[in-house]
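Enquirer: Sequence:
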Amino acid sequence: MQKKILLSFDLDFTLIDNIEGIFNSFQYVFEKYHIRNISIEQVKQTIGLPLDEAFQMFTMIPSNILIDSFRSYYQEKGIYQVKFLPGALDVLKNLKNYPATLGIITSKKQELAIKLLKNLKIYELFDYVLGENESIKKKTDPFIREFINYKYPLHKIIVIGDHIADRSLAETLNCPFIGLLTGNHNQTQLKQESKVPVYILNNIGELNYNTIDKIIEN
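The sequence shown begins at 1 in the numbering used here and counts up one residue at a time.
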């Protein structure tokens, strides 16, 4: 009997490079509310964090006000300032034929993540897209575990991402984690004190059938 495999991907700096759109959205908010200038390197450090935590790194202004402005700009312009990371599209198409079930769990607002994926013409590759909504505020929210366990009870699950929040998701789901070195965290940070097996790849382009088979068999 063929094993059922679920591959759950992060989005930013796992599959896509959206730093231009995110940086421009931050700049728009900071200029609108006369907050000090922010560099693109500072913005990169916020990738993978919920927006309220990201804004708290730079200002005491209530984050709900800033988030509304950020999302307004991002939905109109920033969402289109995005590109695939090298190899990402080919890997997704190949894995869809593996066969494996593919999904997205992101810290982005869920409706924006769906819009972005549709704009990139890859929405149909995924069985589900979960992001921030009324039930989900972070990747370790119990709703995510309940959703995955209910919909995919017989699947072998692997979480793929670049952030320690993705490893925390894997720990919540009690499944292996593939950490990519295309984000802000190095190999040591992605592995340190992990409660689940961690496998490190330089980038998404290195993910293939053989890697998945080895992880599933362990």
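These aren't lab readings, by the way, just hints derived from the structure by calculation.
Bear in mind the structure is a predicted one, so any value in this text is a computation, not a measurement.
The beta-carbon is built from N, C-alpha and C at its ideal position, and this holds for glycine as well.
Just so you know, not all the hints are guaranteed correct.
Stated by the list, open to error - No farther apart than 20 Å at their CA atoms in a straight line, the calculated lysine to aspartate or glutamate pairs in the DMTMM-like style are these:
#1 Lys195 x Glu217
#2 Lys3 x Asp213
#3 Lys151 x Glu171
#4 Lys118 x Glu76
#5 Lys191 x Glu206
#6 Lys44 x Glu31
#7 Lys77 x Asp127
#8 Lys3 x Glu31
#9 Lys32 x Glu20
#10 Lys156 x Asp213
#11 Lys3 x Asp127
#12 Lys109 x Glu124
#13 Lys121 x Asp17
#14 Lys118 x Asp213
#15 Lys121 x Glu146
#16 Lys93 x Glu124
#17 Lys156 x Glu146
#18 Lys32 x Asp68
#19 Lys156 x Glu217
#20 Lys32 x Asp90
#21 Lys44 x Glu20
#22 Lys96 x Glu76
Said to hold, decoys possible - Using C-beta positions, here's what the derived DEER-type ranges look like:
#23 Pro99 x Gln192: 31 to 39 Å
#24 Gln187 x Lys137: 35 to 43 Å
#25 Pro99 x Glu20: 16 to 24 Å
#26 Ile65 x Pro99: 44 to 52 Å
#27 Pro99 x Asn149: 15 to 23 Å
#28 Ser69 x Ile216: 20 to 28 Å
#29 Tyr150 x Lys3: 35 to 43 Å
#30 Ile40 x Ile65: 33 to 41 Å
#31 Arg145 x Ile65: 40 to 48 Å
#32 Asp127 x Arg36: 40 to 48 Å
#33 His34 x Asn210: 32 to 40 Å
#34 Asn218 x Gln192: 14 to 22 Å
#35 Ser39 x Leu181: 17 to 25 Å
Enquirer: Does each hint hold? Answer for all of them.
Expert: Right, here's what the structure says about each hint:
Among the hinted pairs, Lys195 with Glu217 is consistent with the structure: their alpha-carbon atoms are about 18 Å apart, no more than 20 Å. For a cut-off of 20 Å, the pair hint linking Lys3 to Asp213 stands: about 10 Å separates their Cα positions. The straight-line distance between the Cα atoms of Lys151 and Glu171 is roughly 18 Å, inside the 20 Å bound, and the hint therefore holds. Between Lys118 and Glu76 the CA atoms are separated by roughly 15 Å; this keeps the pair inside 20 Å, and the hint holds.
Our distance criterion of 20 Å between C-alpha atoms is met by Lys191 and Glu206, whose separation comes to about 18 Å. Between the alpha carbons of Lys44 and Glu31 the distance comes to roughly 18 Å, so the proposed pair stays at or under 20 Å and holds. Pair hint Lys77 plus Asp127 does not hold up; C-alpha atoms about 26 Å apart against a cutoff of 20 Å. Taking the CA atoms of Lys3 and Glu31, the gap is about 52 Å. The hint is violated against a cut of 20 Å.
Between the alpha carbons of Lys32 and Glu20 the distance comes to roughly 18 Å, so the proposed pair stays at or under 20 Å and holds. Between Lys156 and Asp213 the alpha-carbon distance is near 11 Å, which keeps this suggested pair within the 20 Å criterion. The straight-line distance between the Cα atoms of Lys3 and Asp127 is roughly 17 Å, inside the 20 Å bound, and the hint therefore holds. This hinted pair checks out: Lys109 and Glu124 have alpha carbons roughly 18 Å apart, not beyond 20 Å.
Restraint check: the Cα-Cα separation between Lys121 and Asp17 comes to about 16 Å, which is no more than 20 Å; the hinted pair holds. A threshold of 20 Å between alpha carbons decides the hint, and for Lys118 with Asp213 the separation of about 30 Å lies outside it, so the pair is violated. In summary, the hint linking Lys121 to Glu146 is not supported, as the alpha carbons are separated by about 28 Å, beyond the 20 Å threshold. Taken as a hint, the Lys93 and Glu124 pair is honoured in the structure, with Cα atoms around 11 Å apart against an allowance of 20 Å.
Restraint check for Lys156 and Glu146: satisfied, since their Cα atoms lie roughly 15 Å apart, inside the 20 Å limit. The suggested pairing of Lys32 with Asp68 holds, with an alpha-carbon distance near 12 Å, which does not exceed 20 Å. Under the criterion of a C-alpha separation no larger than 20 Å, the hint pairing Lys156 with Glu217 is consistent with the structure, at around 10 Å. With a C-alpha separation of about 39 Å, the suggested pairing of Lys32 with Asp90 is violated against the 20 Å cut-off.
Note on Lys44 and Glu20: the hinted pairing holds, with a Cα-Cα distance of about 10 Å set against a maximum of 20 Å. For a cut-off of 20 Å, the pair hint linking Lys96 to Glu76 is broken: about 30 Å separates their Cα positions. Range check, Pro99 to Gln192: Cβ separation about 34 Å, and the 31 to 39 Å hint holds. At about 29 Å, the beta-carbon gap between Gln187 and Lys137 misses the expected band of 35 to 43 Å.
Between Pro99 and Glu20 the CB atoms are about 34 Å apart, so this pair departs from the stated range of 16 to 24 Å. Here the CB-CB span from Ile65 to Pro99 is close to 45 Å, well matched to the stated 44 to 52 Å. Judged by the Cβ atoms, the range 15 to 23 Å given for Pro99 and Asn149 holds: they are separated by roughly 21 Å. Distance hint check: the CB atoms of Ser69 and Ile216 are about 44 Å apart, inconsistent with the given range 20 to 28 Å.
About 19 Å separates the C-beta atoms of Tyr150 and Lys3, a value inconsistent with the hinted range of 35 to 43 Å. At roughly 23 Å, the beta-carbon separation of Ile40 and Ile65 lies outside the given 33 to 41 Å, and the hint is violated. One distance hint, 40 to 48 Å for the beta-carbon pair Arg145 and Ile65, is violated here, with the actual separation near 32 Å. The given range of 40 to 48 Å is respected by Asp127 and Arg36, whose C-beta atoms sit roughly 42 Å from each other.
Separated by about 53 Å at the C-beta atoms, His34 and Asn210 break the suggested range of 32 to 40 Å. A beta carbon spacing of about 20 Å between Asn218 and Gln192 agrees with the range 14 to 22 Å that was offered as a hint. Roughly 22 Å separates the CB atoms of Ser39 and Leu181, a value that falls within the hinted 17 to 25 Å.
In this structure, the hints that do not hold are numbers 7, 8, 14, 15, 20, 22, 24, 25, 28, 29, 30, 31 and 33, in rising order.
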